[in-house]
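*Asks:* Below, each chain spelled out in residue letters.
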Amino acid sequence: MELINKEQVSKKLSGRLMVNKVMKFIFLLCTLVGLVVLATLLIDTILDGWRYLTVDFFTNFSSSRPDNAGIRGAIIGTLWLMATTAPIAIILSVGTALYLEEYAPKNKLVDFVKINISNLAGVPSVVFGLLGLTLFVRMAGLGNSVLAAALTMSLMILPVIVVASQEAIRSVPGSIREASIGMGATKWQTITRIILPASIPGIITGIILALSRAIGETAPLVIIGIPTILLFTPTGVLDTFSALPMQIFSWVKLPNPEFQSITAAAILVLLFILFLMNSVAIYIRNKYSKRF
Amino acid sequence: MSEYNIREMIDKKKGKSGNAAIEKAVPIILLIITLVSVLTTIGILVTLLTETVMFFTRVSPIEFLTSTEWSAFSSDPQWGIFALIMGTLKITAIAIVFAVPVGLGAAIYLSEYASDRIRRLVKPVLEILAGIPTVVYGFFALTFVTPLIRGIWPEVNLFNAISPGLVVGVMIIPMIASLSEDAMSAVPNSMREGALGLGSTRLEMVLKVVLPAAVSGIMASIVLAVSRAIGETMIVSIAAGSTPNGSLNLMESLQTMTGFIVQVASGDATYGTDTYFSLYAVGMTLFVFTLLMNIIAQWFSRKFREEY
Numbered sequence: 001m002e003l004i005n006k007e008q009v010s011k012k013l014s015g016r017l018m019v020n021k022v023m024k025f026i027f028l029l030c031t032l033v034g035l036v037v038l039a040t041l042l043i044d045t046i047l048d049g050w051r052y053l054t055v056d057f058f059t060n061f062s063s064s065r066p067d068n069a070g071i072r073g074a075i076i077g078t079l080w081l082m083a084t085t086a087p088i089a090i091i092l093s094v095g096t097a098l099y100l101e102e103y104a105p106k107n108k109l110v111d112f113v114k115i116n117i118s119n120l121a122g123v124p125s126v127v128f129g130l131l132g133l134t135l136f137v138r139m140a141g142l143g144n145s146v147l148a149a150a151l152t153m154s155l156m157i158l159p160v161i162v163v164a165s166q167e168a169i170r171s172v173p174g175s176i177r178e179a180s181i182g183m184g185a186t187k188w189q190t191i192t193r194i195i196l197p198a199s200i201p202g203i204i205t206g207i208i209l210a211l212s213r214a215i216g217e218t219a220p221l222v223i224i225g226i227p228t229i230l231l232f233t234p235t236g237v238l239d240t241f242s243a244l245p246m247q248i249f250s251w252v253k254l255p256n257p258e259f260q261s262i263t264a265a266a267i268l269v270l271l272f273i274l275f276l277m278n279s280v281a282i283y284i285r286n287k288y289s290k291r292f
Numbered sequence: 001m002s003e004y005n006i007r008e009m010i011d012k013k014k015g016k017s018g019n020a021a022i023e024k025a026v027p028i029i030l031l032i033i034t035l036v037s038v039l040t041t042i043g044i045l046v047t048l049l050t051e052t053v054m055f056f057t058r059v060s061p062i063e064f065l066t067s068t069e070w071s072a073f074s075s076d077p078q079w080g081i082f083a084l085i086m087g088t089l090k091i092t093a094i095a096i097v098f099a100v101p102v103g104l105g106a107a108i109y110l111s112e113y114a115s116d117r118i119r120r121l122v123k124p125v126l127e128i129l130a131g132i133p134t135v136v137y138g139f140f141a142l143t144f145v146t147p148l149i150r151g152i153w154p155e156v157n158l159f160n161a162i163s164p165g166l167v168v169g170v171m172i173i174p175m176i177a178s179l180s181e182d183a184m185s186a187v188p189n190s191m192r193e194g195a196l197g198l199g200s201t202r203l204e205m206v207l208k209v210v211l212p213a214a215v216s217g218i219m220a221s222i223v224l225a226v227s228r229a230i231g232e233t234m235i236v237s238i239a240a241g242s243t244p245n246g247s248l249n250l251m252e253s254l255q256t257m258t259g260f261i262v263q264v265a266s267g268d269a270t271y272g273t274d275t276y277f278s279l280y281a282v283g284m285t286l287f288v289f290t291l292l293m294n295i296i297a298q299w300f301s302r303k304f305r306e307e308y
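In the order they appear, the protein sequences are chains H and C. For the first sequence, the UniProt record's numbering begins at 1 and goes up steadily by one. For the second sequence, the UniProt record's numbering begins at 1 and goes up steadily by one.
The set of hints was computed from the structure by calculation and includes no laboratory data. Watch out, some of these pointers could steer you wrong.
Stated by the list, open to error - Mimicking EDC-like on lysine to aspartate or glutamate, the simulated pairs with C-alpha atoms at most 20 Å apart in a straight line are:
#1 C/K303 to H/D111
#2 H/K6 to C/E204
#3 H/K12 to C/E204
#4 H/K24 to C/E112
All chains should be built: construct the whole structure from the sequences, respecting the hints.
*Replies:* If you want it as structure tokens, here you go:
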């Protein structure tokens with residue numbers, strides 16, 4: 001008995017190969033959608049905004065007159081926000097990652113902490129905004145200050161840095177850890193002299209990527225009540241401030257077409273900062289990541 | 001140097017009380033830091049719950065759940081969350097219908113067809129797309145996509161569901177593509193070779209072997225993407241408008257749960273008013289939605305991990 005009808009198979013084969021080819025092309029098109037959108041977005045924004053990228057644009061404060069509008073307050077505010085967010089987020093997240101990887105016993109509580117962190121990663125940023133509004137702005141009485149916003153942002157990006165740091169710490173091989181203990185080092189000495197130096201590139205990459213998420217995040221700032229038009233820059237963490245994404249959001253809503261170009265210019269500045277941060281992250285990842 | 005001296009040195013070092021104290025203190029300090037993440041969750045729950053309860057002492061929960069109209073700023077305010085949920089669902093549906101086929105197609109191409117060189121070229125682009133701030137996407141939706149759509153169908157409103165829906169879709173494509181690709185790459189090559197050896201074409205191998213084997217990972221990526229679309233804020237508050245309604249019309253202005261929260265917060269919601277407390281009731285609803293999605297996604301990915 002013949003198991004395979006050769007004639008039938010060869011008759012169908014060309015059709016099947018054709019469908020395969022067509023679908024491969026469609027899959028390729030799907031892959032290109034992202035590329036095309038990214039290119040369109042960049043070109044559209046550059047064409048719209050490059051004319052406004054003048055020195056005045058960087059030195060002027062926000063204004064209701066398009067000719068005078070600038071991003072000085074927004075940029076300095078964003079720098080303040082990042083400079084305050086970074087240390088808080090780093091201490092909280094790297095500490096958490098060290099505890100979970102190095103000290104945590106295997107029990108229900110630790111399992112719960114881990115599940116909790118992955119759930120926090122899925123909480124929408126508006127909800128973090130509501131938390132910040134109630135806890136830091138109102139209850140702690142910080143008002144719409146740099147510190148209140150930084151605390152909110154830190155909690156929001158905490159899961160990202162924790163997960164990245166955990167991976168980096170886990171990738172340090174057991175052998176060099178054992179070598180350190182074997183030489184008589186204590187646990188904390190092993191952590192500070194062996195494990196942290198070996199895992200720092202991964203941790204820093206995670207921190208930069210998390211901060212680059214925080215720098216463009218708008219919703220929590222809106223909810224905390226960060227002002228959009230501010231004619232001074234903060235002098236301390238308890239002062240109020242404005243931020244670049246906040247400035248973009250307030251300009252987007254203006255009907256004046258000139259403001260559309262100004263918004264585009266501000267977006268270009270934001271994207272350039274993001275591009276710089278990501279480049280540094282990739283550079284660190286490639287240059288310093290050691291293979292054991 | 002004799003052995004005796006070394007021993008003496010070690011003993012002298014050990015005698016330093018500072019070291020022992022540090023060794024004892026560090027785990028406790030780190031544990032306290034770790035508990036901050038738990039406190040954050042408790043903080044979110046307590047904040048949302050207490051203020052939502054305050055809201056329900058003023059507005060009946062039955063009206064909240066059964067009324068179909070939401071008008072927080074009128075003189076006779078209506079509090080039917082249904083209108084806001086409909087807005088969120090319309091945006092999410094458009095985003096998912098657009099992003100799932102495109103994201104899956106990209107994942108299949110990257111995992112099964114593409115050469116290493118193309119993969120190395122495309123993956124960073126997806127990472128960049130995922131890293132673009134949502135306020136920038138919002139600007140793109142309002143100033144580029146909306147005019148484009150209105151050029152084709154002039155009857156579409158300046159604020160509509162289609163443009164922000166599509167742009168939210170663009171935002172979640174990288175997530176679906178990269179998570180689904182991870183799931184597909186985890187399918188053992190022996191299964192692929194088995195299918196090809198039996199004479200199937202590459203497409204048949206993908207459809208009948210790889211996709212079924214990776215299905216729970218793919219489902220997890222889709223559910224996570226849904227959760228992200230539901231929680232997306234800036235794109236919808238910029239490009240979708242601010243008129244809550246329960247209709248299925250995609251061409252008119254609408255408002256999502258997140259859009260309402262932003263609208264109230266960017267105006268001056270005085271502390272203690274109904275509108276102020278409604279922020280938290282809406283936030284609570286949003287939180288429940290996304291939490292459910294995250295739990296379902298975790299269930300899917302646990303199932304996925306068990307298989308191989």
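*Asks:* Hint numbers the structure violates, sorted upward?
*Replies:* none
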